[in-house]
Each structure stands twice: as structure tokens, then as C-alpha cells.
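Top line first, the protein sequences correspond to chains P and E. Here the first sequence is numbered in our numbering, starting from 1 and rising by one per residue. Here the second sequence is numbered in our numbering, starting from 1 and rising by one per residue.
Possibly wrong hints are sitting among the right ones.
To be verified - Label-pair distances were calculated between CB atoms; the ranges are:
#1 Gln151/E with Ala10/P: 48 to 56 Å
#2 Gln151/P with Arg17/E: 34 to 42 Å
#3 Arg102/P with Asp122/E: 14 to 22 Å
#4 Arg17/P with Gln151/E: 32 to 40 Å
#5 Val148/P with Ala195/E: 52 to 60 Å
#6 Asp116/E with Leu193/P: 56 to 64 Å
#7 Pro76/P with Arg50/E: 39 to 47 Å
#8 Gly81/E with Ala16/P: 30 to 38 Å
#9 Ala77/E with Ala10/P: 22 to 30 Å
#10 Ala77/E with Arg97/P: 49 to 57 Å
#11 Arg17/E with Ala10/P: 18 to 26 Å
#12 Leu181/E with Thr13/P: 31 to 39 Å
#13 Arg197/E with Leu181/P: 51 to 59 Å
Said to hold, decoys possible - Short, incomplete list of chain E residues facing chain P, as computed with Cβ under 10 Å:
#14 Leu14
#15 Arg37
#16 Leu44
#17 Val64
#18 Asp88
#19 Leu193
Claimed, not checked - To spell it out: a stretch of chain E is covered by chain P in this simulated footprint if at least three of its residues, at any positions, have a beta carbon under 8 Å from a beta carbon of chain P; those stretches are:
#20 89-100
#21 117-128
#22 154-164
Think of the hints as simulated: they come from the structure by calculation, not from any bench. All C-beta atoms in this analysis are idealised placements derived from N, C-alpha and C, irrespective of residue type, glycine included.
There are 2 protein chains.
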Amino acid sequence: MEGGGDDIQALITLMARLPGLGPRSARRIVLSLIRRRDTQMVQLAQLLDRVAVNSRECLSCGNVTDRDICPICADPARATGEICVVEDVADLWALERGRAFRGRYHVLGGTLSALDEIGPEDLGIPRLISRIHEDGVTEVILALNATVDGQTTAHYIADALEGSEVAVTGLAQGVPIGGELDYLDDGTISAALRARRRL
Amino acid sequence: MEGGGDDIQALITLMARLPGLGPRSARRIVLSLIRRRDTQMVQLAQLLDRVAVNSRECLSCGNVTDRDICPICADPARATGEICVVEDVADLWALERGRAFRGRYHVLGGTLSALDEIGPEDLGIPRLISRIHEDGVTEVILALNATVDGQTTAHYIADALEGSEVAVTGLAQGVPIGGELDYLDDGTISAALRARRRL
Chain P
1 MEGGGDDIQA LITLMARLPG LGPRSARRIV LSLIRRRDTQ MVQLAQLLDR VAVNSRECLS
61 CGNVTDRDIC PICADPARAT GEICVVEDVA DLWALERGRA FRGRYHVLGG TLSALDEIGP
121 EDLGIPRLIS RIHEDGVTEV ILALNATVDG QTTAHYIADA LEGSEVAVTG LAQGVPIGGE
181 LDYLDDGTIS AALRARRRL
Chain E
1 MEGGGDDIQA LITLMARLPG LGPRSARRIV LSLIRRRDTQ MVQLAQLLDR VAVNSRECLS
61 CGNVTDRDIC PICADPARAT GEICVVEDVA DLWALERGRA FRGRYHVLGG TLSALDEIGP
121 EDLGIPRLIS RIHEDGVTEV ILALNATVDG QTTAHYIADA LEGSEVAVTG LAQGVPIGGE
181 LDYLDDGTIS AALRARRRL
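Chain P with its partners taken away, still in its complex shape:
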């Protein structure tokens, strides 16, 4: 108890459990919200409620959206022939911010993992494969994380598409834009060196 009342204390406790926050930052946020309780705090409560009630997974790609089909899948201007496969919605959003990709997505919701007993069915990979064949997809970009599980999953999908006409590609690995060599890990430097290109 910090003298604020039970609800205020409960709010701080709940906030402190959000990713990246702790008791100290949660207290700071709650106090700042209480100072703007008639505007910002009411608005935040309403938006949270609306998003909690309306948000769902896009039936086509798995993106988080407030409609059955997300704006990306519903956009006729986006190429249906290219599907970019990502692990989760955060990756999809990151790619959208890059504005370089104008095709469709498929969100796996995780990676294959023998340890956690996550198999192809849990990730909807059979559904992805049939979607690829039904929609006449010509290129599948496997934008999975460069972790062991991410790469295992990429190999599994690539294997499942072998023998079909579909081109399977992956993101280039190399030095990040603006990155300093001195701060990069050895693996990235060797990968960038192996994939060097003529200027």
C-alpha cells in the first residue's frame, strides 16, 4: 500500500507486468496518467477496451487486425504472387515499416521446436503450403529470425516446397545500414564478407 487506494495499487501492479516495465516505471506512468485523468487516461481506457473486444487474427495471414481480413490482405494493389513468411506479428510490422515489400504475409506465430513440442501443424504450415499452391504464389520469402529454430523452420518450409515451381528466398545477411564493423558480431562480419558484391 502506498496510500493511493486499492485500484491505483492494482493498476500499478498490472502495468509493472507489461514487457519492458517494472514497478518504478509503472508508478511513473500511472501518476502521469492520473494527472491527465480526464483526457489521456479515459482515452487510453476506451482504446484498450475497443482493441481488446475487436482485435483478432486475420483469417488469411494471421496479422492482428480489427476485421476478419486485415487491410494488407484486403488491399487489391498488393501482389498476391509473393508471400513473406514471418514468425510473429511484430516482424510483419517491422517489414511494413521498411515499405520495401508490396506482397502478402503469412504469420506462423512461432517456430518449429522439438524441445517445446511445436510441430508443423501447430504453426499452420500445411495451411500455408496449400495457400501457396491455391493462390498461384510464385515467390515465398522466408523472413525468419537467424536463430537455430528460425532456420530449422525455414528449411522445413523450403523442403516442403521443393519440386514445385515456387521460388523460395531468404533475407540477405550482412552489415546493417549505418552499422559500425567494430560493434558487429563475428558471424555477421563473416556472412557479409562471404556474400560480398561488386560495387
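Please arrange chain E on chain P, whose structure you already have, making use of the hints.
Quick look at chain E alone, frame taken from chain P:
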């Protein structure tokens, strides 16, 4: 637009404006909430709404609370003879976590500032002085920040109480518990040295 829908985007924008958060951490929090939309997200929306509607300033001390008189002021076990004066509610909460003070508080809501044209009336200092005299307060602890404005405010209140029976005290300055001398600023080290005590 990140493909999530207008409400989701608005929620991220609103979250990113909270103290200590930015677009990246707001996106992470919103995605994590959407994953727990039926439990954590609904709960957070309800708590925010309840606190926004019910929270107010304690009529006696200025603490944030969901009643007219906060639990500290309403607690008969707390000494009415000691008043601890703080700049804002965050300071009050910090002192309560320390569990060392068992008296009452008075939240100024800021400091005197010639630059920002904040005078004694804006901080309710006349009301504080009359409260001190009416309640038969014997000690006023000025727990104000060690900034120029904080110390100006402390001096102003101390001056206003001069000639009365009330003892005016301030927090001790010195080395924080667990603090390493090497990392402390010079001012704190000199203050701790000047106020040294026999062991």
C-alpha cells in the same frame, strides 16, 4: 499504418507518449496485450477507467486517492503532530515505501519558481501554514528535492514558520545506503563529510 487497424495504431501512438515509453516499447506492449486480450487487456482497460473516474486529490494532504480523504490522513494511528512536506505524489509514495515516517503529509504539487511564475498561493502554502497551526503540529519535515527551486521553497516555508513553536527540519544529506564513494558527485561527498558523526 502498420496493417493492424486504426484503433491499434491509435493505441500504440497514445502508449508511446507515456513517460519512459517510445514507439518501439509501445508496439511491444500493445502486441503483448493483444495476445492476452481476453484477460490482461480487458482488466487493464477496466482498472484505467475506474481509476480515471474515481481518483482525486485528498482534500487534506493532496495525495492521489479514490476517496475524499486518503487512507493516510484517515488513519487514526498516524501521528497528527508531524507533517512531511513533499513536492509531488511520487515523493510521498517513495517516503511511504521507506516505512520510516508515521506522520501525515502535505503535497505541494510543485516548487516556487520565479521563472514559471509559481508563487506561494499556487502551491497552497498559506493553506499549509494554517493547517500546521490548526492541527497543533509540532514538527514540519521539509522533504523537498535538493534543487535550487526545492531549496528556495523550503526556505520560504521555514521563514513563514519562524517565531512559532513548530520545529522545522530537513532530510539528512549524505552517502546513500549501499552507495560507492567513487560514483558519488562531489557535492554529496562534501555534504556527507561536513555532517560526519561519531560511530
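Evaluation of the provided hints:
Look at Gln151/E against Ala10/P: about 36 Å separates their beta carbons, and that is not inside 48 to 56 Å. Checked against the hint of 34 to 42 Å, the C-beta distance between Gln151/P and Arg17/E comes to roughly 38 Å, which is consistent with it. Hint check: Arg102/P to Asp122/E, Cβ distance near 56 Å, so the stated range 14 to 22 Å is violated. Against the hinted window of 32 to 40 Å, the Cβ-Cβ separation of Arg17/P and Gln151/E comes to about 38 Å, which satisfies the hint.
Here the CB-CB span from Val148/P to Ala195/E is close to 57 Å, well matched to the stated 52 to 60 Å. About 57 Å separates the C-beta atoms of Asp116/E and Leu193/P, a value consistent with the hinted range of 56 to 64 Å. With their beta carbons about 44 Å apart, Pro76/P and Arg50/E fall inside the hinted range of 39 to 47 Å. For Gly81/E and Ala16/P, the hinted distance range of 30 to 38 Å is satisfied, since their beta carbons lie about 35 Å from each other.
For the pair Ala77/E and Ala10/P, the beta carbons lie near 24 Å from each other, so the given range of 22 to 30 Å is met. Taking 49 to 57 Å as the suggested C-beta distance range, the pair Ala77/E and Arg97/P conforms, at roughly 55 Å. The hinted range of 18 to 26 Å is satisfied by Arg17/E and Ala10/P, whose Cβ atoms lie roughly 23 Å apart. About 36 Å separates the C-beta atoms of Leu181/E and Thr13/P, a value consistent with the hinted range of 31 to 39 Å.
Take Arg197/E and Leu181/P: their Cβ atoms lie about 54 Å apart, and the range 51 to 59 Å holds. Interface restraint check for Leu14/E: the shortest CB-CB distance to chain P comes to about 6 Å, inside 10 Å, so the restraint holds. The beta carbon of Arg37/E comes within 4 Å of a beta carbon in chain P, closer than 10 Å, and the hint placing it at the interface holds. Checking Leu44/E against chain P: minimum C-beta separation of about 6 Å stays under 10 Å; hint holds.
Hint status for Val64/E relative to chain P: holds, with the closest Cβ pair at about 5 Å, below 10 Å. Evaluation of the Asp88/E hint against chain P yields a held restraint, the C-beta minimum of about 8 Å falling below 10 Å. With a least beta-carbon distance of about 30 Å to chain P, the hint placing Leu193/E at the interface is violated under the 10 Å criterion. Beta-carbon proximity to chain P at under 8 Å applies to 6 residues in the region 89-100 of chain E; the threshold of 3 is reached and the given coverage holds.
Chain P is given as covering the region 117-128 of chain E, and this is violated because 0 residues of the stretch bring a CB closer than 8 Å to a CB of that chain, at least three being needed. Note: the region 154-164 of chain E has 0 residues with beta-carbon separation from chain P under 8 Å; the three-residue rule is not met and the coverage is violated.
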